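A.B. asks: If you want the building blocks of each chain, they are given just below.
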Amino acid sequence: MRELITLHVNGERHEVAALPHHTLLEVLREDLGLIGTKHGCELGECGACTVLLDGMPVLSCLTLPIEVQHCEITTIEGLEQNGTLHPLQETFAELGAAQCGYCTPGILLAGAALLRDHPQPTREQTKEALSGNLCRCTGYTKIYEAVDAASQRMQRHVRGLGERSTPSNPGARRLS
Amino acid sequence: MSATLHHQQKHSYRVIGTPRPKVDVYGKVTGRALYADDIMLPRMLYGRLLRSPHPHARILSIDIRRALELPGVVAILTGDDLPEKFGILPSSQDEYALALEKVRYVGDPVAAVAALDPDTLDEAIKLIQVDYEVLPALMSIDEALAHPDVKINDDARIGNIHKAVSYEFGDVNAGFAEADFIREDWFYYEGNTHAPIEAHACVASWEPNPGSPVGGKLTLWSSTQTPHYVHRELSKVLKVPQSHIRVIAPNVGGGFGGKSDPFSHEICASELSRRTGRPVKITCTREEVFLIHRGRHPVKMWIKTGVKRDGTLTAMHFRSFLDGGAYGSYGVATTYYTGVLQTVTYKLPSYKFEGMRLFTNKPPCGPKRGHGTTQPRYAVEVHLDKIAHDLGIDPVALRLHNLIEPYTRTINGLRITSCALGECLQQVVERSGWDTFHAQKNNPPTQGQQEIPLKRGMGIAASSYICGAGKPIYWNDLPHSSVQIRLDRGGGVTVYCGSTDIGQGSTSILAYIVAEELGIQPEHIHLETADTTLTPVDLGSYSSRVTFMAGNAAIAAARKLKEQLFAVATEHLQVPLEHLEAADGIIYNEHDPGVALPFVKAVQLAEARFGALVTAGSYAPPEGIHGDYKGAGVGPSPAYSYSTCVAQVAVDVETGELVVEKLWLAHDVGQSINPLLVAGQVEGGAYMGYGEAVMEQQVFRKGRHKIPSLLDYKLATTLDTPEIETILIEIPDQEGPFGGKEAGQGPLNPVIPAIANAVYDAVGLRIDETPITPDKILRALKATAATRPTQRIVVSPQEAPSPWPTRLITWSPREASTQPSQVISQSVSTKGVS
Numbered sequence: 001m002r003e004l005i006t007l008h009v010n011g012e013r014h015e016v017a018a019l020p021h022h023t024l025l026e027v028l029r030e031d032l033g034l035i036g037t038k039h040g041c042e043l044g045e046c047g048a049c050t051v052l053l054d055g056m057p058v059l060s061c062l063t064l065p066i067e068v069q070h071c072e073i074t075t076i077e078g079l080e081q082n083g084t085l086h087p088l089q090e091t092f093a094e095l096g097a098a099q100c101g102y103c104t105p106g107i108l109l110a111g112a113a114l115l116r117d118h119p120q121p122t123r124e125q126t127k128e129a130l131s132g133n134l135c136r137c138t139g140y141t142k143i144y145e146a147v148d149a150a151s152q153r154m155q156r157h158v159r160g161l162g163e164r165s166t167p168s169n170p171g172a173r174r175l176s
Numbered sequence: 001m002s003a004t005l006h007h008q009q010k011h012s013y014r015v016i017g018t019p020r021p022k023v024d025v026y027g028k029v030t031g032r033a034l035y036a037d038d039i040m041l042p043r044m045l046y047g048r049l050l051r052s053p054h055p056h057a058r059i060l061s062i063d064i065r066r067a068l069e070l071p072g073v074v075a076i077l078t079g080d081d082l083p084e085k086f087g088i089l090p091s092s093q094d095e096y097a098l099a100l101e102k103v104r105y106v107g108d109p110v111a112a113v114a115a116l117d118p119d120t121l122d123e124a125i126k127l128i129q130v131d132y133e134v135l136p137a138l139m140s141i142d143e144a145l146a147h148p149d150v151k152i153n154d155d156a157r158i159g160n161i162h163k164a165v166s167y168e169f170g171d172v173n174a175g176f177a178e179a180d181f182i183r184e185d186w187f188y189y190e191g192n193t194h195a196p197i198e199a200h201a202c203v204a205s206w207e208p209n210p211g212s213p214v215g216g217k218l219t220l221w222s223s224t225q226t227p228h229y230v231h232r233e234l235s236k237v238l239k240v241p242q243s244h245i246r247v248i249a250p251n252v253g254g255g256f257g258g259k260s261d262p263f264s265h266e267i268c269a270s271e272l273s274r275r276t277g278r279p280v281k282i283t284c285t286r287e288e289v290f291l292i293h294r295g296r297h298p299v300k301m302w303i304k305t306g307v308k309r310d311g312t313l314t315a316m317h318f319r320s321f322l323d324g325g326a327y328g329s330y331g332v333a334t335t336y337y338t339g340v341l342q343t344v345t346y347k348l349p350s351y352k353f354e355g356m357r358l359f360t361n362k363p364p365c366g367p368k369r370g371h372g373t374t375q376p377r378y379a380v381e382v383h384l385d386k387i388a389h390d391l392g393i394d395p396v397a398l399r400l401h402n403l404i405e406p407y408t409r410t411i412n413g414l415r416i417t418s419c420a421l422g423e424c425l426q427q428v429v430e431r432s433g434w435d436t437f438h439a440q441k442n443n444p445p446t447q448g449q450q451e452i453p454l455k456r457g458m459g460i461a462a463s464s465y466i467c468g469a470g471k472p473i474y475w476n477d478l479p480h481s482s483v484q485i486r487l488d489r490g491g492g493v494t495v496y497c498g499s500t501d502i503g504q505g506s507t508s509i510l511a512y513i514v515a516e517e518l519g520i521q522p523e524h525i526h527l528e529t530a531d532t533t534l535t536p537v538d539l540g541s542y543s544s545r546v547t548f549m550a551g552n553a554a555i556a557a558a559r560k561l562k563e564q565l566f567a568v569a570t571e572h573l574q575v576p577l578e579h580l581e582a583a584d585g586i587i588y589n590e591h592d593p594g595v596a597l598p599f600v601k602a603v604q605l606a607e608a609r610f611g612a613l614v615t616a617g618s619y620a621p622p623e624g625i626h627g628d629y630k631g632a633g634v635g636p637s638p639a640y641s642y643s644t645c646v647a648q649v650a651v652d653v654e655t656g657e658l659v660v661e662k663l664w665l666a667h668d669v670g671q672s673i674n675p676l677l678v679a680g681q682v683e684g685g686a687y688m689g690y691g692e693a694v695m696e697q698q699v700f701r702k703g704r705h706k707i708p709s710l711l712d713y714k715l716a717t718t719l720d721t722p723e724i725e726t727i728l729i730e731i732p733d734q735e736g737p738f739g740g741k742e743a744g745q746g747p748l749n750p751v752i753p754a755i756a757n758a759v760y761d762a763v764g765l766r767i768d769e770t771p772i773t774p775d776k777i778l779r780a781l782k783a784t785a786a787t788r789p790t791q792r793i794v795v796s797p798q799e800a801p802s803p804w805p806t807r808l809i810t811w812s813p814r815e816a817s818t819q820p821s822q823v824i825s826q827s828v829s830t831k832g833v834s
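Respectively, the protein sequence lines represent chains A and B. Note that the first sequence covers residues 1 to 176 in our numbering. Note that the second sequence covers residues 1 to 834 in our numbering.
Please keep in mind that the hints were generated in silico from the structure rather than gathered at the bench. Just so it is clear, the structure is predicted and the values come from calculations on it, not from any experiment. Careful, some of the hints might be misleading.
DSS-like, lysine-lysine: derived pairs with alpha carbons at most 27 angstroms apart [as the list claims (entries may be wrong)]:
hint	chain 1	residue 1	chain 2	residue 2
1	B	Lys455	A	Lys127
2	B	Lys662	B	Lys441
3	A	Lys127	B	Lys386
4	B	Lys714	A	Lys127
5	B	Lys455	B	Lys347
6	B	Lys714	B	Lys776
7	B	Lys347	B	Lys304
8	B	Lys386	B	Lys601
9	B	Lys601	B	Lys560
Going by beta-carbon spacing under 8 angstroms, a handful of chain A positions derived as facing chain B [claimed, not checked]:
hint	residue
10	Asp31
11	Ala98
12	Gln99
13	Thr104
14	Pro105
15	Pro119
16	Lys142
To spell it out: a stretch of chain B is covered by chain A in this simulated footprint if at least three of its residues, at any positions, have a beta carbon under 8 angstroms from a beta carbon of chain A; those stretches are [stated by the list, open to error]:
hint	stretch
17	26-38
18	497-508
19	562-574
20	670-682
21	700-711
Idealized CB from N, CA, C, for every residue including glycine.
Start from the sequences, fold in the hints, and give me the full structure.
C.D. replies: Laid out in structure tokens, this is it:
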């Protein structure tokens, strides 16, 4: 039997009648039409389905929606704010860090969480943060370069405009 | 940037050669890009295949009654519903969409179900009752050779030999007689798989039309690299004319060769849609992707090479035994590819090649990045390294001494055009600090220095690859690639091409080329690709053919439009044709840029003059680029790319742990259309080669895939992947688009032997099989320490069939055209622009 659950996704509240054994990945894709969240294995092995739960990267294929009704969920669709791209989205595009693009949403979300916790990550921190996200195209080199470039871009922004104008960070923890 | 460019001269290109984003990348970084599984249609059903649990069995009966009675099940297919054979090659039509009579590997599809939702499918699949008579299974090359009585596939001519080939080019006996030194080696290259992050998926939608003699039309969206061949095979199996089938490849989440065959799930989804009158989606599970496979063939190889004292190669005899799995797939081509390109890297005055592919009860092998050339490249490059050490010649010097020369013919008749292999070798040696590393390594440890367990080594290897297969899969006189361009009076530019972007950037390449020719920005252009109804044929994203072939077709189409635009511009501006330039959205007088016509205005004038502005361009490789013997169609290419790699490794002699610390990779790409994308291909190839060298293996236990998951099938994460330094060498090819050559596959090939040679350099041991894992290193170290050579890793043959089970074809270049190729001098400068 389906159960009525409430999910907070990308700042929007959704009531969904979902099968209780369906994963967050299935509900996001099938019930909410948020197909930007990808699935590569549905066993928690590849990282393609990474979303942010209260700012923390989790694998939506291993998460039951009923357990995360009180969390703020961020998917790739929520990384962009009112048509403005997150710096990571810009640098991934500009520096060739997305080839087939299938792992890209998951890596962008894991990367956004990394830059929130470590605005200037070392290469080792970046590798550690992205070690659960498999990419089969890039050899990761261009991904590191894009993370570094986004970090610099965000630093410049902070320095140039002052703290208050920091670009809204979807990796930020939920208020209330 | 870690990539550096070395090129001959600076061109005045506006778009070509400049790093820029892919034209479709913003969809990918925002989650908007639609992949096959993202397509949801009204009333859509979900489908799944029931697959064989046995590696080899006769199907006695299939009972679908209980499954059909399950609420939510809409239709079920079995083998009798689709009794038409298909396959990617015309010579290997040996697959059924669903097994008839026999299953030949664990994973062979047996039945297909369509239901209202995926949960019902799980139940329905369990309710299908199949009775099998289990047959003996053959799981290796040696078993397949040893048991000709157990016949796996009726396409095998003798026993389980699917294909055997035998060639002698030049006089091999004379070559060996001339040699001062002869060496023989055996190697084994383990199979591995593509593992694209997107699992195969498709959505089929049949639109009935009672008035049509065909009954309707079919549209299939599929994550495929080859919509054209899927189109062909769907037509054959469904018995629907191609004119009534539309195949579309949406965004494809990686392929690497694994999405190049027509597949059962595509045919079954289509037939289920026809029968139910509703769209049907089939998305494969990750385990199914491992079973669909079509990946790297396991290959056992024997090489015998003759050399003179100074290192000059005089003769080579090469044998390959391929473990093909249960079906043909691309295997006939793969068999040839294990032999034909040996002559393209180094000059061989005589060469004998014998290859055979065996059927086994494993998932079918096929093309994976480097298709059939990766295994022999590993074997030959390690074998040459051994010869260098035997002769006391520096391994770099031995290679430089034997390089193939540009604008020559190989002993097996292949035409070589541009070649910057020497430059590639020189660059990786220089950038890796090869000479310094080895000079320091040879210094004896100073007094008091502890013997440390970590041993470092550096190894080198070289390779070459085709820029597109010189012959199509179905031999005909048709173009391999066509492009149409339409201009509209609002200034819109639409480019149509069947080419399929699997992440490598082929769609962007079309935009860059058309933008360069028409003098507009790539972002200005709208692209329609990979759609068999809307777009002219491009054969597909295989054999590294797309930049070269679709690129040349795009240039041809764009130049026709440019002619029309310039014809009106010359009159309107009163500027002679030869002084007109197109750039930055205007057509102008190169001597007086103020005299200019906006692009949109030129389009309107041209439409008024010529009517609708639509042009087309096509490309087919030139004739006469290969020998005139049977089988000469595999190997020729309009150009070859060249790559070299230096690997630096550290081996822990106590644990056998191998760490690849850095890879330097130089690639001769002719001309980068976009250096960012080329470097991305080189880095991706290096990463994949690294995985094949040290961890990836498609292995089986008791007839089943041992590790069909991304956790257990080891693929390199961020924590494993070594640093990769890319060096792009740009010496434009005479026939490539703006001089460009391939980058998608070639750079993988030198990585595996470079790592193997580095391990030898570190610990003085040869591991002559892949992957080079710690347990093998440790076993070899222990065996050496205990001087028990029997425990060494030794690849040994089962009895090689004697005589070789096929007729020997002998051929020498004098029998072909004696006309020497035109020699075009090639000068190189290596200006660095970081």
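A.B. asks: Are the hints correct? Go through all of them and say.
C.D. replies: Status of each hint after checking the structure:
1. B:Lys455 with A:Lys127: holds, 25 angstroms
2. B:Lys662 with B:Lys441: holds, 17 angstroms
3. A:Lys127 with B:Lys386: Between Lys127 of chain A and Lys386 of chain B the Cα gap is close to 36 angstroms, so the pair fails against 27 angstroms, i.e. violated.
4. B:Lys714 with A:Lys127: Given that 27 angstroms is the threshold and the Cα spacing comes to 17 angstroms, the pair holds.
5. B:Lys455 with B:Lys347: violated, 34 angstroms
6. B:Lys714 with B:Lys776: Holds, at about 16 angstroms.
7. B:Lys347 with B:Lys304: Distance of about 15 angstroms is within 27 angstroms: holds.
8. B:Lys386 with B:Lys601: violated, 66 angstroms
9. B:Lys601 with B:Lys560: holds, 18 angstroms
10. Asp31: violated, 11 angstroms
11. Ala98: Check passed: Cβ of Ala98 of chain A comes within 5 angstroms of chain B, closer than 8 angstroms.
12. Gln99: Constraint on Gln99 of chain A satisfied, holds at 4 angstroms.
13. Thr104: Hint on Thr104 of chain A: holds, closest Cβ of chain B at ~5 angstroms, below 8 angstroms.
14. Pro105: Given a least distance of 5 angstroms, the restraint on Pro105 of chain A holds.
15. Pro119: violated, 19 angstroms
16. Lys142: holds, 6 angstroms
17. 26-38: holds (count 12)
18. 497-508: With 4 residues close enough to chain A, the hint holds.
19. 562-574: Contact hint for the stretch 562-574 of chain B vs chain A: violated, 0 residues under 8 angstroms.
20. 670-682: holds (count 4)
21. 700-711: Coverage by chain A holds for the stretch 700-711 of chain B (3 residues, Cβ < 8 angstroms).
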